[in-house]
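Engineer: Following the working numbering, the numbering of the sequence shown begins with -6 at its first residue and continues without gaps.
Note that these hints are calculated values from the structure, not bench results. What you are looking at is a predicted structure, and each value in this text was computed from that prediction instead of being measured. Glycine included, each C-beta is placed from N, C-alpha and C at the ideal position. Accuracy of the hints is not assured; some may be wrong.
Pairwise CB distance ranges (calculated) [said to hold, decoys possible]: (1) THR101 to ALA37: 35 to 45 Å; (2) PHE33 to GLY122: 42 to 52 Å; (3) MET77 to ALA154: 30 to 40 Å.
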Amino acid sequence: MKSTTSASLWRPAIGLSLFGLIGTGLVYAIVATGIAGVLFPAHAEGSLLRDGDGTVRASLLVAQPFEGDGYFQARPSAANYDPMAAAGSNMARSNPDLVKRLADAAATVATRENIDPAKMPGELITQSGSGLDPELSPAAVQVQVARVAQARGWPVERVQALVDAQVQGRQWGVFGQPRINVVALNRRLDEAMHAH
């Protein structure tokens, strides 16, 4: 009688565990992915940016390095902009290596942008938590406008108009701060260059 009771308890426990595992681990994932693909197809695919022939060039969700003075620069990356190694630097503010790295980065950015290091937005020299954040504040983008305009041979007003058009407000008007996606902005710069 004791073994029958034990077996009768195990069967529903295992069955319920399997049902929960399959229901939440498989069925829910398939349904959620399907709904996301229908309602938000661009987001579900990773917010990919494609060129004219359909080749994937970037994702709006992942920062990437841009070579040359004709491009806006994103935040520095501890992971070298590699999504598979996404991470912050994990250094404390008291770490001498971090203090030196920030001082060196501030000097480099101040020289590149021809600005006073005391007026530099901190995000131009600090890494985001993921090391892949593609967004900057309008102030961090603003200090780069003159350099980008000069490198492209454009009037500052032309570059400023593209920057202003890329400012995203607070999420739902409440959460976060105004921001600019540097990947999207640089793509718009290239599109504007090829349009003229």
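Engineer: The structure should be examined with respect to each hint, and the outcome stated for every one.
Structural biologist: Okay, the hints, checked on the actual structure:
1. THR101 to ALA37: 35 to 45 Å: holds, 38 Å
2. PHE33 to GLY122: 42 to 52 Å: violated, 24 Å
3. MET77 to ALA154: 30 to 40 Å: holds, 37 Å
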